[in-house]
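Visitor: Here is how the chains run, residue by residue.
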Amino acid sequence: MKLSQELAQYIIDYTSKIIDYNINIMDPNAVIIASNDSTRIGETHMGARKVLVTGEPYTIDKEEAKKYPNVIPGISLPIHFKDNIIGVIGVGAGEQAATIGKMIQSTTELLIEQFHLKETLNAETQVRNEFLTHLLTESWFNNESYFHHQLKLHHFNLNQSYLVITAELFNCTFENNFSNNYESEIVHYEKSISTLLENIAYKLNYLHINLVYIPNAITFLVPYTSTPEGDKNHFMDKFVTNLDFVLSQTFDFGYRIGIGGFAENMTQIHYRYKCANSALKIPKALQRDTKISSFTDVYFEHLLFNLSQKQRSRYWESIIGKLLKEDNGKSMYLETLETFFQNDQSITKTSAALFIHRNTLLFRLNRIGEITGFYPQHLKDAINLYTALTLYKLYQFETSSVSDDIENQKEILL
Amino acid sequence: MSKDILITGYEPFGGDTTNPSLELAQALNGCRYKDYTFQFAKIPVNLHECISTMEKAINCFDPEIVICTGLAYGRASISIERVAINVADFPWPDSAGYLALNETIDAEGPAAYFSTLPIRNIMQSLHAEGVPAYISNSAGTYCCNLLMYGTLNYISKHHLNIKAGMMHVPYTPDMIAGKDPFMPSMSLDTMIKAVKTAAVTAIENPEDRSIICGFAQ
Numbered sequence: 024m025k026l027s028q029e030l031a032q033y034i035i036d037y038t039s040k041i042i043d044y045n046i047n048i049m050d051p052n053a054v055i056i057a058s059n060d061s062t063r064i065g066e067t068h069m070g071a072r073k074v075l076v077t078g079e080p081y082t083i084d085k086e087e088a089k090k091y092p093n094v095i096p097g098i099s100l101p102i103h104f105k106d107n108i109i110g111v112i113g114v115g116a117g118e119q120a121a122t123i124g125k126m127i128q129s130t131t132e133l134l135i136e137q138f139h140l141k142e143t144l145n146a147e148t149q150v151r152n153e154f155l156t157h158l159l160t161e162s163w164f165n166n167e168s169y170f171h172h173q174l175k176l177h178h179f180n181l182n183q184s185y186l187v188i189t190a191e192l193f194n195c196t197f198e199n200n201f202s203n204n205y206e207s208e209i210v211h212y213e214k215s216i217s218t219l220l221e222n223i224a225y226k227l228n229y230l231h232i233n234l235v236y237i238p239n240a241i242t243f244l245v246p247y248t249s250t251p252e253g254d255k256n257h258f259m260d261k262f263v264t265n266l267d268f269v270l271s272q273t274f275d276f277g278y279r280i281g282i283g284g285f286a287e288n289m290t291q292i293h294y295r296y297k298c299a300n301s302a303l304k305i306p307k308a309l310q311r312d313t314k315i316s317s318f319t320d321v322y323f324e325h326l327l328f329n330l331s332q333k334q335r336s337r338y339w340e341s342i343i344g345k346l347l348k349e350d351n352g353k354s355m356y357l358e359t360l361e362t363f364f365q366n367d368q369s370i371t372k373t374s375a376a377l378f379i380h381r382n383t384l385l386f387r388l389n390r391i392g393e394i395t396g397f398y399p400q401h402l403k404d405a406i407n408l409y410t411a412l413t414l415y416k417l418y419q420f421e422t423s424s425v426s427d428d429i430e431n432q433k434e435i436l437l
Numbered sequence: 004m005s006k007d008i009l010i011t012g013y014e015p016f017g018g019d020t021t022n023p024s025l026e027l028a029q030a031l032n033g034c035r036y037k038d039y040t041f042q043f044a045k046i047p048v049n050l051h052e053c054i055s056t057m058e059k060a061i062n063c064f065d066p067e068i069v070i071c072t073g074l075a076y077g078r079a080s081i082s083i084e085r086v087a088i089n090v091a092d093f094p095w096p097d098s099a100g101y102l103a104l105n106e107t108i109d110a111e112g113p114a115a116y117f118s119t120l121p122i123r124n125i126m127q128s129l130h131a132e133g134v135p136a137y138i139s140n141s142a143g144t145y146c147c148n149l150l151m152y153g154t155l156n157y158i159s160k161h162h163l164n165i166k167a168g169m170m171h172v173p174y175t176p177d178m179i180a181g182k183d184p185f186m187p188s189m190s191l192d193t194m195i196k197a198v199k200t201a202a203v204t205a206i207e208n209p210e211d212r213s214i215i216c217g218f219a220q
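Respectively, the protein sequence lines represent chains A and B. Add 23 to the 1-based position in the first sequence for our numbering, that's all there is to it. Add 3 to the 1-based position in the second sequence for our numbering, that's all there is to it.
Looking at chain B on its own, in the form it has when it is part of the complex:
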């Protein structure tokens, strides 16, 4: 029986007509690796719907791995997020116009959750594939952090056997062409390769190793 890998991306937001996180998730939809199948879900940039959409997607697909992806303003590499914190503190309103300030995501939840993906293994695999990537120690306090926290919180509360985490991607070149000449960007193909590699690594090398300066210890 086929097992599912759920990749989520966000709907276009803030005047953008596209969102590379959604495009890469859609591009991977239906792809296979061994007996795993990639599925995708579109997540609204909205405090009140973002986590509930993820919960519905988890119930629908019953995946073994969940990789949330989101767009990170100004980042030059793929960021593999280490931690999600129990805070929603929005720098700008969500798609419903809601501005969360110093809010707790779940009053009964822990202060933070660590990614259950093998983040160092993933970083090493991405480097081997020629993809610039690093481990990020902050997923911010906007919807990406909210989604990562909400996902790990749901998995933890329902005792589900799912590995989950978040990866941030930079802008695509077409999104910034003619706008900011100093804004870093990355091709969509590279992002797709990065997320696929991350999923494969989570299947093949699920136990994270301790690596210092790129060398395994």
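Here chain A stands alone, though its shape is the one from the complex:
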């Protein structure tokens, strides 16, 4: 392990809080890389040169110090890591040099050991996160050997069932309050995300839950084991309620939850992840203001979205094309129709939602029937109208400025 300048300075700052002596840390070339006297950084340290030759501590007493310029009495000690000398620490502690020096040497070695352990654990976590990200975003069958290998490596059970849920986060940034001298911005970013995920997982308190952060969204893989007292829906409802609570407590800036459903085993996780994304994106395309949506709620729309653009346009134009012309840009009939479907074809609820008299509503519904040939109160006609309306909404979404990002649209189509 190489002793970095940042870690060396951290050790100096840490020990300087405990004792008030001049401390320097030197690299294996005896060059000072950190010091509580910053003017000395870059100088060669005489005591360190002796230590690096002998491997033993070297003490400079008052008499010897007088012989050299800029040298004060003290002790230089080797810094060991796994039986190697990775640097030297010099303490200008005068007569107490031997005792104080030993103590500082131990503290330094402990801090390095701790740092190394943390780095190793971080690296393991990073490899695991990378694997989980692949598992979500790539098809199992395109990378089967890689996934099998990773499953073994991370002790996952191929046949474990998982509930897959994605939370989309609004305006979530981790770049703020960056003022740490000991780590790079990217390390700070990774740590912030890792701390955030740990906190959420801790609050949710589900055994072996996995959280995966992909910019602006967190995906939750919740292991499901059937229990006698509850079924899958109960398990899912309870988790979503708790998740909604924990997210509301964690994020002030808002979020949406997309429920992908249960992956029967790990090969289905990618599919369920896509379902969760559809559950988030389809309501957005249809301008439905829903905080929590499930793939099962949008399955029908999802199927429609998979038709070609030509097929979709031809369909809605043939059903509601005349209605749009009649509306003449005011969208009165369209709004009536949409509200009618949103309120489960209830005359009372729809007239209340539109602030109109029920007779006005009945007149409009009848007029829609006359114009289109499809009567909204008849089941089969309603299905045609609902389908056309949904496809028209998608057309609007695709041609609006919101949907400039073509990749975004493609993701809706699984």
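Do not take every clue at face value.
Stated by the list, open to error - On the chain A side, residues computed to face chain B include the following (Cβ under 10 Å):
no. : residue
1   : 228
2   : 264
3   : 265
What the hints assert, rightly or not - Each computed DSS-like pair below joins lysine-lysine, with the alpha-carbon atoms no more than 27 Å apart:
no. : chain 1 : residue 1 : chain 2 : residue 2
4   : A       : 25        : A       : 73
5   : A       : 73        : A       : 89
6   : A       : 125       : A       : 25
7   : B       : 196       : A       : 255
8   : A       : 314       : B       : 45
9   : B       : 45        : A       : 214
10  : A       : 214       : B       : 166
11  : A       : 314       : B       : 59
12  : A       : 345       : A       : 403
13  : A       : 314       : A       : 261
14  : B       : 160       : B       : 59
15  : A       : 255       : B       : 166
16  : B       : 6         : B       : 196
17  : A       : 261       : B       : 160
18  : B       : 196       : A       : 261
19  : A       : 261       : B       : 182
20  : A       : 403       : A       : 348
21  : A       : 89        : A       : 105
22  : B       : 59        : A       : 261
As the list claims (entries may be wrong) - In silico negatives: residues of chain B with every beta carbon more than 10 Å from chain A:
no. : residue
23  : 115
24  : 162
25  : 203
Derived by calculation from the structure, the hints in this document are not laboratory data. Bear in mind that the values here come from a model prediction, so they are computed numbers and not experimental data. Yeah, the Cβ is synthetic: ideal placement off N, Cα and C, and Gly gets one too.
Guided by the hints, dock chain B onto chain A, whose structure is given.
Guide: Then chain B, alone, in the frame of chain A:
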């Protein structure tokens, strides 16, 4: 298996940028005592969301002890609330601008609930720790009373085995510096110690004793 102690605090309100009740709850988050872990929940100062947030927190954490904390204007000591009444009568509007007047919190609920925390034991423990504290016989009629009533009502209706109550804390010195020189205040550290001590007392001495003038009988 770890058992949870839920400490709740209110979001900053009425132009304040901080709320010591929330800060102390956050400071205790993740702390441990024996096999208990402290959890926190942020409660909105809002008639319509305050109790539902608490219900969600109880369902999420399944705690054994719930201590609600709130800020009490002008109080000099930690107030351990004895009772919550079935009334919402706001002296000023909540964060949604709603002003409840002579409202019943739950039309089917009892007139009042007593704290199920060992309030006298807690007071004695706080005094032993050097924290000024007293038993308050009114939690007011604003959101703190609402939350305490709502919490005890939910626990009672669902037959949950949870001990719950409310503690009011004074302002912190920084909140009143340069404003009102006669307004009492208390350091956040003392408040944190007080709430932690209260939770530990509720675990170690859950059965309340009858104490007169500080002497156990």
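Visitor: Confirm or reject each hint.
Guide: Comparing the hints with the structure gives:
Contact between residue 228 of chain A and chain B, as hinted, is supported at the beta carbon level, the nearest pair being about 7 Å apart and thus within 10 Å. Residue-level restraint check for residue 264 of chain A holds (minimum Cβ-Cβ distance to chain B is 7 Å; threshold 10 Å). A distance limit of 10 Å between C-beta atoms decides the matter here; for residue 265 of chain A the minimum to chain B is near 4 Å, and the interface restraint holds. Restraint check for residue 25 of chain A and residue 73 of chain A: the C-alpha separation of about 20 Å stays at or below 27 Å, so the hint holds.
The straight-line distance between the Cα atoms of residue 73 of chain A and residue 89 of chain A is roughly 17 Å, inside the 27 Å bound, and the hint therefore holds. Taking the CA atoms of residue 125 of chain A and residue 25 of chain A, the gap is near 22 Å; set against the 27 Å cutoff, the hint holds. As the CA atoms of residue 196 of chain B and residue 255 of chain A are separated by approximately 43 Å, the hinted pair breaks the 27 Å bound. Taking the CA atoms of residue 314 of chain A and residue 45 of chain B, the gap is near 20 Å; set against the 27 Å cutoff, the hint holds.
Among the hinted pairs, residue 45 of chain B with residue 214 of chain A is consistent with the structure: their alpha-carbon atoms are about 24 Å apart, no more than 27 Å. A distance of roughly 37 Å separates the Cα atoms of residue 214 of chain A and residue 166 of chain B; the hinted pair therefore is violated under the 27 Å criterion. With a C-alpha separation of about 16 Å, the suggested pair residue 314 of chain A and residue 59 of chain B falls inside the 27 Å cut-off, and the hint holds. Using a Cα cut-off of 27 Å, the hinted pair residue 345 of chain A and residue 403 of chain A holds, with the two alpha carbons roughly 19 Å apart.
For the given pair, residue 314 of chain A sits about 16 Å from residue 261 of chain A by alpha-carbon distance, which is consistent with the 27 Å threshold. A hinted pair counts as satisfied when its Cα atoms are at most 27 Å apart, and residue 160 of chain B with residue 59 of chain B qualifies at roughly 15 Å. At most 27 Å may separate the alpha-carbon atoms for a hinted pair to count; residue 255 of chain A and residue 166 of chain B exceed this at roughly 31 Å. Simply put, residue 6 of chain B and residue 196 of chain B have alpha-carbon atoms about 20 Å apart, close enough for the 27 Å limit, and the pair holds.
Note on residue 261 of chain A and residue 160 of chain B: the hinted pairing holds, with a Cα-Cα distance of about 19 Å set against a maximum of 27 Å. About 34 Å separates the Cα atoms of residue 196 of chain B and residue 261 of chain A, which puts this hinted pair outside 27 Å; it is violated. A distance of roughly 47 Å separates the Cα atoms of residue 261 of chain A and residue 182 of chain B; the hinted pair therefore is violated under the 27 Å criterion. Pair hint residue 403 of chain A plus residue 348 of chain A holds up; C-alpha atoms about 23 Å apart against a cutoff of 27 Å.
Taken as a hint, the residue 89 of chain A and residue 105 of chain A pair is broken in the structure, with Cα atoms around 36 Å apart against an allowance of 27 Å. For a cut-off of 27 Å, the pair hint linking residue 59 of chain B to residue 261 of chain A stands: about 10 Å separates their Cα positions. Here residue 115 of chain B stays apart from chain A, with its beta-carbon at least about 28 Å from theirs, past the 10 Å limit. Consistency note on residue 162 of chain B: stated as away from chain A, and its beta-carbon is indeed over 10 Å from all of that chain's, at 17 Å minimum.
The beta carbon of residue 203 of chain B sits about 21 Å from the closest Cβ of chain A, which is more than 10 Å, so the claim that it is off the interface holds.
In summary, the numbered hints that this structure violates are 7, 10, 15, 18, 19 and 21.
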